[in-house]
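Asker: Go ahead and model the full structure; you've got the sequences and the hints to work with.
Spelled out, the chains give:
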Amino acid sequence: MTVTETRIITKRMNESDDNHNIDTYISLGGYEVAKRTIRMNPDDIVESVKTSGLRGRGGGGFPTGMKWSFLPPDSFPRYLVINADEGEPSTFKDHMLIVRDPHQLIEGIICSAFAIKSNKAFIYLRGELALAYDRLSAALAQAKEKGLVGNDIDGSGFDLDIVIHRGAGAYICGEETALIESLEGERGMPRLRPPFPAIAGLYAKPTVVNNVETISTVPHIIEMGGDAYAQLGVNKSTGTRIFSVSGHVNKPGNYEVELGITFRQLIDDLAGGIKNSGKVKFFIPGGGSSQWLIGSDEHLDCPLDMDEVGTRFGVMLGSGAIMVYDQTTDPILVAWRLAKFYAHESCGKCTPCREGTGWLEKVLYRMSHGQGRENDLDMLLDVGDNISPGLNAPFSQTTICPLGPSAVSCVVSLNKFFREEVMNRIKTQNNSVESKVDEEVVV
Amino acid sequence: MTSTQEPVSKVDEDSVRLTIDGKEVVAKKGELLITAAQKAGVFIPRFCYHDRLKPVGMCRMCLVEIEGVRGLPPACTTPVAEGMEVRFKENNVEKAQDGIIEFLLINHPLDCPVCDRGGECPLQDQTLSFGPGESRFVEEKRHWEKPIEISDHVLLDRERCIQCSRCTRFADDVAGDPLITFVERGGHTEVNTFPGDPFASHFSGNIVQICPVGALTAKPYRFNSRPWDLTSTETTCTKCSVGCKGVAQTSRNEMVRFLGVDSEPVNQGWLCDKGRYGFDFMDSENRIRKPFIKTSDEKREVNLNEAIDLVAAKITEAIEQHGPESICVIGGAHGTNEDAYLIAKLAKGVIGTDLVQAQVKNSLPADLVLSSKRAHIDDLDDAKAVIILGADIKDSLPVLFLRLRKAVTENAISLIEANSFHTSTRDLSSEKIDLVPGDEINSKKAILEALDSISKIDKKSNNKIVLIAGDISPAQNNASYTELVQSLLENEDVYLLPSVSTSNVLGAWEMGLAPGLLPGRVAINSVNEFADWQKVASEATKQSNENSIDMTSMLKNMSEGKIKVALLFGANPVGHFGDIEFAQNALEACETVISIDCFENESSQYADVFIPSTVANEKDGTVTNIEGRVQRVSQVVAPQGNVYDDWKIADLIAQRLGGQSDFETVDDVTNAIARTATSFAHLTTGVLSRARDGAIVPVDENKDALATSIAPLVDTPSWEPIVSRAASTEDPLIELDREEHHPSANILFPEIITQPFSRPTPHSQHLNQYALRLIFVDSYRSEGTLENESKALSNVSNPNADMVRIHPKDIESISVKEDNLITLRNDSGSVQVRVIPDKFVVRGTIVASDDASHPLRKLVNVDEMVTDLKLEAI
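In order, the protein sequence lines correspond to chains A and B. The first sequence runs 11 to 453 under our numbering. The second sequence runs -9 to 864 under our numbering.
FYI, nobody ran anything at the bench for these hints, they're computed from the structure. Among the clues, some could well be false.
Claimed, not checked - Derived DSSO-like pairs (lysine-lysine); straight-line CA-CA distance at most 27 Å:
hint, chain 1, residue 1, chain 2, residue 2
1, A, Lys215, B, Lys131
2, B, Lys131, A, Lys372
3, B, Lys289, B, Lys638
4, A, Lys350, B, Lys131
5, A, Lys215, B, Lys449
6, B, Lys131, A, Lys437
7, B, Lys85, A, Lys215
8, B, Lys289, B, Lys304
9, B, Lys85, A, Lys372
10, B, Lys44, A, Lys215
11, A, Lys215, A, Lys154
Values in this document were obtained by computation on a predicted structure and should not be read as measured data.
Answerer: Structural data, given as structure tokens:
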């Protein structure tokens, strides 16, 4: 039986191309939930979100309701920050949500800010997303004009100010504490934790940072009820998620599916299968930071379950992005390109990531361009171990944030699934000088 | 590689017990694991951590394992907790250390042979102790143009930089000069300045000292020496009167470097660039190295005896024909306490004159400072309030500014600023009051109101209000300012921290180099049976008016021919007196001028005899700082030529005049002071040599300043901050007790003065609406001789030196042309200057840099209480 999309947060945008205009959005029932919500009891809303089992859709997968309940009850003001700095390689779902349903996000912000008793929300929008910025700022202006954002929203007595702040081109600003730093006008470098943002975040005040998709889901949870939402999905991965599928598939794009379907179903039923009737060589679930899976039955038939993918295969669903590669792909080149991304995006604060990612990129470049040395792969694994001891997911790290360990994922996967291919390549295409590094030294 | 002499502290409420590799350690609550471990003898390697900077956990070198904590937390950001189990000698930890060192070295250039840091480099040392044997990196390292100049003194080599952020954190958090920052990101991160904005900070040299690699090097020291060639001697800086503790390093009898030593109550390891780099004036080729005698037709080099003979002859002649009041002594503020003591003894005990002034600068009277309650520098840390009066301490006492800035930004100490011009502390202050020069007393009400509103803030403090009072502009009389200070000190909570900046003027005053005083804060007509020469002094000067004869009246007497002999010990009246022409006329009129100095200056051209003196670092002794802290200075080089210590010169003259002398070494003088000067009672060389941070006088009132905690001794030269090695084992209080109870110490010390001398109430000089009032303010880069003769400091430019600042509203009545030239005029003449409109200048004033060469000095008239100038367009 072919699987199809389960539309909750992509529902309205599918019904109209004009959904980013407030009148269209309202005609499709928009903002009704918000108007009701801001007259409810905030703690009830938090409970509802907890019951729904909603987990962060940005990559961390932390239970949203639990995150909201970490705020100290007597500390005010508190801030809601929307992480719209979608930067995880191959992820493009938040962009779609903002461009095609900006009002849903705004409605989600109103409901969420009310639930956590915040009167000020910031949207940290990735700077390169020009169309998203235009749509979002226009939508926000429309909402303000209609009195749905601002003082005394809809006569409820609830005040909410929303500020859109554009980023300036740094992946690391998608990490919540680096985002907060950037919002404060500092260099976007992650902070040490503790203290956690819920206790001391933006301007040293309690702060909740949530992903665009997470917040966009909140009004729907309120509308259908937490229990009903929890009925969808599997185990502790409740509800639906948007997956950005890209690579050698016939129909790359965003698909909102109920969690629990398999990778095979996502790739074949929804994304149209591999181009030119090819076969899956390997795929990267969860965005560039995740370790890889291959085109085996065991992997392809694994369900999209945020915990099971980790316990069974050491990978993650992360940001909800899948890159699919067919049999023509050179995995070493892919690994190099990923390492290059992380080396470029490293903020430079801590030693292992600042120096290590650059090192990984340089060695992988040689390996993928015919200058690999025999001990390169094992050396990279050890270098990786110095960045992320144990080389496991969930990451253990000598670094301050997970960017460093993310860069190591591709090396681990290369070794796990393609070691023979790598070694062959080195032996047959090696143009480099004979390695003078003592074999003994390499751990 | 560290050893500690600190005993395990007793377990009490403030203590926390933990284990490191199974060994029990007792630490203070809230202490960082990295320091607790170090005190227990476990050195955890680190690069970005520095005791005096906020920890950032960036280098990841200090990772340890802690039971119950996931992963490898950094020890520098982890406070100790009761029952914590730390594992340091552990495979995971050691692998991480190997990894981090390897990472740091992959892009680090192999510069050791040509890098200044070699031999005293934390990266070298910790690589050997904690790193892997070889690196596996075979790729191309990253490259930058190297080095680049980021300030007048500092060069940056970005390839060597390990991005620890010690320099950027110092510049931003400690100095308040956020002029260097990280730019770019990831592996391309570099430290750099903003375009067009060099790292023009008074404190730029500190980043060279704290940089853990050779990325930051100092121009004066670059390629000069290897640390193993250097001899290190602890000493005290004498560039200003903060008295920062430092270590002077020499190679082959040449001083090559001065580093800051961490003294908790004074400078906490920091130095300003003047102190750090300004010592090289001692090697200037313009140093006078042989005494000379000048007559109208010739300048003749002589030996010391001939010079002293002539001086003694002139003095004797003057005393016989005109009495001791025809001799005056100016100076003694640039040397040591011992120098000042024997100058005082010569002047007051042998010659019998009370016409003595320690400095030419216009400042608070000595008797007011010595009789007031004195604050300590560390009182700033938890003061009830701080008042800054008439000073920009960032320029005059730079390291004190760092301390004050820290108090305000970290401990939320309230600062009241009362000034006539914009200062560096203005942005730190919560109350800003405009001071009118010449009419300062009228700001008293506003200051008291500000104090009142601050006292309403509920905050724990030491209940002291610290009054930092600066020197006064040479363009005015100091009467109203003095009245204000005196009046504020009547409040029982107000303690004075005199911001008088001439290097040892506080010591000179303590030794009695001021009218009406004798050594030890004692009035001239009190009698001390023990020291015969003081008896002579008080006898001879019983007729002297207790009302202090100030510098102005002394120079007036001189120009009227009443003073026949002037002894200038490191003093330059022409250079520093407000009315330059007046000073010139006075010296011209004086029959015999004797200059005891290191360089020729504007005043020594009137000298008949010039005896060259030794300078800082060429002699041992003690100096006194603004809190009354007596600290030792050390001789680190043997001076070249026929130069002599001031105390020796004064002693020789005294002997020729028939005085007694039994001083062979400077220690003899120090011990004599301890037995004759009340405020220095019992402060013998024995006590001083054991006092790690010196001693605050009077010693018996300040015993807690002597109680030093024993610091952990660190052996490696790459260690930062540098900890004092002075007497870290013997308790100075024990020695003091021995001294006080010695059977021979039957000393009857005269009483210390408790009130300032009475002075007539000055007339207020209200602002005149037709004129603007001129003030000169201390600038960091003054064109003083010692700075001009220093190769390192003379590099620092001072582009606005001859400009003036006036409030824009005060110049809007005239149309200033594009070249910003205006004319200022009074009865003494008219001068054209460039004006910078500045909205922070008090309405009705003109602010100019205090410099002998400033064009407006021409208009200062000694007969006027203030200098009011009319403003005209060109």
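Asker: Which constraints among the numbered hints does this structure fail? Numbers only, ascending.
Answerer: 1 and 7
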